[in-house]
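Residue numbers (full-length UniProt numbering), protein chains in the order written: chain A, 1 to 174; chain B, 1 to 174; chain C, 1 to 174; chain D, 1 to 174.
Take these hints with a grain of salt, some might be off.
[Unchecked claim] Distance condition first, Cα-Cα at most 25 angstroms in a straight line; then the derived BS3-like pairs of lysine-lysine:
1) A:K139 x A:K120
2) D:K120 x C:K120
3) A:K170 x B:K114
[To be verified] Among chain C residues calculated to face chain A with C-beta under 10 angstroms, some are:
4) L43
5) P46
6) C48
7) D80
8) I82
9) E84
10) S87
11) W93
12) T94
13) K120
14) V122
Source of the hints: derived by calculation from the structure; they are not laboratory data.
Even glycine gets a Cβ: it sits at the ideal position worked out from N, Cα and C.
Number of protein chains: 4
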Amino acid sequence: MDLDLRCNIVQCRKALNEGRACVTTCSHIFCVDCANTSFTLALVCPACETSLTENDDIVFADLNPSEDYKSSALSGLRPDTIMEICSRALSFWTYQTTQENCFQEMLYRGLEDKYSELEKQVQVLIRDSESEVTTLRAKVQALQKDMELEKRKTHDLKEQLQEKGGQLSKLQVR
Amino acid sequence: MDLDLRCNIVQCRKALNEGRACVTTCSHIFCVDCANTSFTLALVCPACETSLTENDDIVFADLNPSEDYKSSALSGLRPDTIMEICSRALSFWTYQTTQENCFQEMLYRGLEDKYSELEKQVQVLIRDSESEVTTLRAKVQALQKDMELEKRKTHDLKEQLQEKGGQLSKLQVR
Amino acid sequence: MDLDLRCNIVQCRKALNEGRACVTTCSHIFCVDCANTSFTLALVCPACETSLTENDDIVFADLNPSEDYKSSALSGLRPDTIMEICSRALSFWTYQTTQENCFQEMLYRGLEDKYSELEKQVQVLIRDSESEVTTLRAKVQALQKDMELEKRKTHDLKEQLQEKGGQLSKLQVR
Amino acid sequence: MDLDLRCNIVQCRKALNEGRACVTTCSHIFCVDCANTSFTLALVCPACETSLTENDDIVFADLNPSEDYKSSALSGLRPDTIMEICSRALSFWTYQTTQENCFQEMLYRGLEDKYSELEKQVQVLIRDSESEVTTLRAKVQALQKDMELEKRKTHDLKEQLQEKGGQLSKLQVR
């Protein structure tokens with residue numbers, strides 16, 4: 001029902017809803033593969049470049065802890081310590097959720113930009129295409145008009161030729 | 001830092017981060033104006049149509065409670081009751097956040113659909129435009145060819161006419 | 001199952017596990033009767049004398065809130081605000097529980113003192129009583145010894161008297 | 001400020017406020033020494049005899065976790081899982097606190113019983129002592145009375161003896 005957190009490596013973004021995940025004290029989360037790849041190279045957060053050299057800076061967490069784990073994880077601690085841990089874990093979740101939301105909004109705005117870019121291209125395309133069509137139609141019309149004139153000319157010439165032919169016949173008969 | 005909840009009336013979606021907001025036991029939240037408009041008409045949730053006739057079904061909450069309110073809101077209650085209330089309030093928030101995320105994804109998919117629709121239209125447009133241009137260019141070419149023929153015809157006729165005119169002159173001179 | 005909080009008026013100490021109770025921002029709790037009696041006189045905490053003149057400084061809380069109240073009490077608030085309220089309510093409970101425990105320990109130490117006082121009194125009593133009995137027994141023994149001597153004296157006198165009586169009879173007979 | 005939990009081994013009851021402690025899924029807590037002694041023998045709770053053979057049934061917890069541990073302990077988990085763990089840990093604490101309170105009340109009632117037992121013994125002691133003193137005083141009084149009579153008897157006998165002595169002297173002189 002809740003949102004899934006996602007591996008903070010932008011090229012990965014695997015949904016983290018089962019098995020284990022790697023969390024850092026700088027509030028980032030990674031899938032096990034990305035964490036292994038990254039932390040084998042250096043103890044530096046691949047998301048924010050914080051140095052992670054202390055104990056508990058990098059922790060592999062079971063995302064679906066057993067009932068026994070849930071019962072004993074914080075047992076024995078004082079209420080204020082329990083609430084402190086609980087508040088920090090919730091802040092981690094809301095931070096990730098907020099980042100995810102920002103990421104979604106960034107994707108949306110990216111798509112909006114791409115869409116309006118495409119709309120502009122469409123308008124240019126339509127304008128260019130209409131301009132070409134208009135030019136071609138004008139050319140066609142001009143050609144048709146010229147053709148008309150030319151055909152009239154041909155027609156006139158044929159008539160003149162016929163007339164001359166008639167006159168010539170008359171003269172040759174005599 | 002945290003995400004803002006938004007009025008669940010889709011036509012409103014006002015960010016709820018200050019002043020008061022109206023929350024319901026069916027896990028919806030509305031800005032004061034939308035709540036007043038809606039609940040004056042009927043005690044029915046405008047988001048999910050749940051009947052809200054019990055006490056505490058509809059509550060107006062101060063989104064930035066005072067320090068004194070924070071200190072005394074749940075004081076005197078047993079730890080299990082405190083945790084119950086706290087868990088329900090967090091579930092409310094995660095439900096709203098999840099719904100908001102779904103809404104964002106819906107908007108994104110809507111925009112994706114619109115984008116690919118536009119892309120298709122662009123292709124149709126390009127195809128149609130190219131087809132029209134091709135047709136027009138063919139017409140221009142055909143017309144230019146016809147014109148060529150017609151001009152040759154005119155030219156031939158003019159020559160024939162000139163020849164006949166020559167023959168006629170010779171005959172008339174005699 | 002949990003401990004009951006108790007009215008902080010030492011003369012009352014009513015268990016607060018049903019109905020309503022009055023809580024203050026200075027972390028004290030009172031039964032409704034004690035609160036009404038006290039706060040009608042002055043807006044000052046009867047436990048610690050803090051001035052309680054602000055809104056929400058004195059709140060009457062339902063100790064067994066309804067399901068609807070539990071669902072809507074903190075809904076709409078941000079996770080950090082929810083956790084803040086929750087932590088303060090738990091601190092209130094642990095403060096009261098700790099105070100109650102101190103009170104119990106104070107009562108226990110009071111009873112321990114009273115017990116060792118009584119033990120001392122018992123020893124004094126036993127010593128005094130033994131000393132008196134010893135004195136009296138010594139007196140009895142002394143008296144019995146004196147009596148013995150006196151009785152021997154009586155016996156001796158009786159014998160002397162008898163002897164004298166015999167001598168006298170002899171002389172009078174002659 | 002909060003109450004210290006105590007080792008649940010009644011013979012130990014060490015306050016658990018620093019270092020490590022051992023917690024079980026059956027809601028008991030032990031100091032490290034008692035835990036080691038007990039769980040080396042059998043995986044059975046020494047407080048309630050529950051079998052503790054599953055993973056996470058017996059956990060050694062750091063009672064003053066580091067800031068890094070607090071930050072990463074539950075990070076990555078969903079809000080409902082976080083709240084579940086947090087609620088269980090608080091239940092553990094309130095259960096232990098309630099048990100501790102019951103233990104304190106039991107101790108208090110034990111001392112009350114011992115006190116009233118001692119009070120009864122004192123009364124018996126006073127009664128017995130008074131009865132003995134009364135008896136002894138009566139005996140002294142009776143002895144003093146007898147002594148008086150005996151002394152009078154001696155006195156009378158002395159007088160009789162003196163008288164007889166007088167009579168005897170008179171007769172012997174003649």
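Here is how each hint holds up against the structure:
1. A:K139 x A:K120: Measuring from Cα to Cα gives roughly 28 angstroms; hence the hint is violated.
2. D:K120 x C:K120: Holds, at roughly 15 angstroms.
3. A:K170 x B:K114: Violated, at roughly 80 angstroms.
4. L43: With Cβ-Cβ at 29 angstroms, over 10 angstroms, it is violated.
5. P46: 26 angstroms, violated
6. C48: 21 angstroms, violated
7. D80: Since chain A brings a Cβ to about 7 angstroms from C:D80, closer than 10 angstroms, the hint holds.
8. I82: With a minimum Cβ separation of about 8 angstroms from chain A (threshold 10 angstroms), the hint on C:I82 holds.
9. E84: 8 angstroms, holds
10. S87: With a closest approach of 4 angstroms, the C:S87 hint holds.
11. W93: 8 angstroms, holds
12. T94: 5 angstroms, holds
13. K120: 40 angstroms, violated
14. V122: Given a least distance of 43 angstroms, the restraint on C:V122 is violated.
Hints 1, 3, 4, 5, 6, 13 and 14, counting from the list given before, are not met by this structure.
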